[in-house]
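Line order of the protein sequences matches chains D and W.
Heads up: the first sequence runs through residues 1 to 191, numbered per my numbering.
Heads up: the second sequence runs through residues 1 to 382, numbered per my numbering.
Take these hints with a grain of salt, some might be off.
Claimed, not checked - Partial selection, computed: residues in chain D whose CB lies under 7 Å from chain W:
{"no.": "1", "residue": "36"}
{"no.": "2", "residue": "46"}
{"no.": "3", "residue": "90"}
{"no.": "4", "residue": "125"}
Hints in this document: simulated from the structure, not taken from any laboratory.
We put the beta carbon where it would ideally sit given N, CA and C, even for glycine.
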Amino acid sequence: MSTEDYKSETEESLLLSVKDGDRSAFDELYTRHWTVVYGMAYNILRDHQYSKDIVQDIFVWFWEHRGQWNLTTCRGYLLTAVKFKTANFIRASKIREDFFKSAAQREQMNYDQNLMLEVKELEQFIHTVISDLPDRCRQIFTLSRFKHCSNKEIAAELNISEKTVEMQITIALKKLREKLGNGHVLLYFFI
Amino acid sequence: MQKTELISIAARVSEGTASEQELALYLYHLNGYVKEFPVWEEVPQSLQEELQDQQRLAIFNAIDKTPAIQVKRTLHLWPGIAAAVVLLLLGFLYFNRSADPELSREKRTVHLPDIAPGQNGASLQLAEGKLIDLSSVKTGISIDPSKLSYNDGSAVIPHTSSSVLTGDLAGKHVQMITGRGQTYSVSLSDGTKVWLNAGSKLDFPVVFAKKGQRIVELSGEAYFQVAKDNSRPFLVRSNAQQVIVLGTHFNVSAYKNEKLMKTTLLEGSVKILAGEHARMLKPGEQARISDQHMEIIENIDLDEVVAWKNGYFKFNENLEEIMNKISRWYNVDVEYQIKPDPRLVFSGRISRKRNVSGILKMLEYNGDVHFKIEGRKIIVTK
């Protein structure tokens with residue numbers, strides 16, 4: 001198939017090809033979505049260097065974890081990834097001061113449907129990211145972070161010691177730290 | 001919402017421990033901020049494109065874990081060389097080094113008088129010697145014994161009665177010629193489609209004979225999509241080579257100033273005749289002919305071979321080969337103040353719509369080569 005042919009391919013079939021390791025299909029997806037993905041990162045961070053870091057991480061991650069996702073469209077997914085990644089920059093105050101000013105002036109949030117849909121997507125995305133963890137580790141981490149169980153409750157449920165639970169969570173956080181990319185930005189805030 | 005609170009929510013979002021409500025708050029403020037000041041829209045189109053190309057290169061280099069193939073292919077070419085050096089053009093590293101794109105843009109305008117890329121265009125030489133310039137707004141023409149039209153249906157020479165291709169057409173030949181910096185396509189009377197790269201010439205009959213072979217002659221580079229016709233094989237002649245085809249997609253590069261003539265098969269099957277050699281090609285194979293020697297290379301990167309047709313350069317070759325491509329597309333001469341090492345292979349990919357400085361910068365990032373532009377001449381320096 002020539003590159004020209006990829007241009008007329010549907011998103012769904014491109015994604016299937018990417019899952020098979022087809023780099024030209026990946027290239028076509030890059031061409032289709034880069035502007036919106038980068039634009040989102042830049043609109044949030046307003047810094048080309050940070051935006052490049054994030055966007056590169058996302059596309060590389062998307063390729064390297066192609067066995068893990070199952071998608072028929074990917075723009076929303078990539079944008080969710082951007083919004084997830086920017087959190088770390090905000091946490092580290094690597095964002096313009098007017099972001100906080102704008103937030104301070106914003107009125108009360110109302111939970112509309114679109115927002116809740118986005119929340120679900122972000123939650124799912126975070127789950128994909130942690131699904132790389134070893135089974136036991138993931139189980140414990142999920143119980144702890146998403147079901148809000150205490151270490152004691154987890155220990156009781158899985159019939160293991162509290163110390164093991166703590167250790168597994170530490171491992172999970174360490175793995176996550178590696179996986180979420182850009183180690184240098186993430187390094188110090190988990191502990 | 002206060003700054004400290006927002007920061008701690010963002011921290012929990014990024015470590016994957018935020019509650020649903022916190023995620024909602026986080027997204028709410030993010031979306032609001034983006035909606036208030038969408039600054040990306042103000043970034044000039046040219047910078048957007050530059051960033052996109054930079055990142056493409058960076059991302060593909062990051063996921064590209066197969067430099068071994070490049071080494072292997074290089075060894076095919078020069079069997080005596082034990083360790084060919086493969087330089088991946090990690091352009092982005094250097095782009096990142098000059099963190100501010102505004103700055104790098106400014107730097108370029110100061111240092112390099114730039115040269116615009118090639119564009120659509122060609123001329124058509126008719127049998128009677130008449131030369132027609134083809135519109136650069138169109139991308140190709142269509143040959144029909146009754147009418148000469150652009151591929152969007154408009155007439156090449158408006159307001160003429162039937163056609164310029166009048167009279168006894170049988171056996172009449174036409175030549176489509178692209179100069180340096182031009183590219184064009186043509187649909188032949190049998191439905192075969194041919195894309196011509198810069199600095200090329202295709203000679204073909206207005207109508208093919210009803211029997212026997214369909215013969216065209218090529219110098220330069222072209223991509224063929226041959227209409228299937230088992231009773232009339234399609235034959236591409238270039239210099240000492242002939243390609244015999246039934247119906248298929250392939251690319252021929254036969255520039256007179258290149259040592260190697262390369263024919264690459266994408267689909268179907270073709271037979272290559274050169275001197276005493278004859279060989280069938282399978283898809284993904286490339287026949288390389290120099291003097292009387294023919295060599296078949298397997299597992300060719302097809303995307304690279306047809307990159308020109310799809311609007312970009314994709315390199316995986318030495319500097320001299322790359323400079324030849326640049327010379328043809330940007331219509332420039334190249335002068336060498338150093339002798340580039342032919343074993344040094346550059347990899348990279350960039351749009352053909354960019355000015356020449358973009359591509360030269362990409363090459364400079366390996367640190368060993370520099371360029372000066374003087375008028376329409378590019379000087380390769382240390």
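Quiz item: Is the hint on residue 46 (chain D) kept, meaning its closest Cβ partner in chain W is under 7 Å away?
Solution: Interface hint status for residue 46 (chain D): holds (6 Å vs cutoff 7 Å).
Quiz item: Does the nearest C-beta of chain W fall within a distance shorter than 7 Å of the C-beta of residue 36 (chain D)?
Solution: violated (9 Å)
Exercise. Would you check whether residue 125 (chain D) satisfies its interface hint, that is, whether its CB is within less than 7 Å of any CB in chain W?
Key: violated (10 Å)
Exercise. Under 7 Å, Cβ to Cβ, is where residue 90 (chain D) needs to be relative to chain W, so tell me if that hint holds or is violated.
Key: This interface hint holds because 4 Å falls under the 7 Å limit.
Going through the hint list in order, the structure does not satisfy hints 1, 4.
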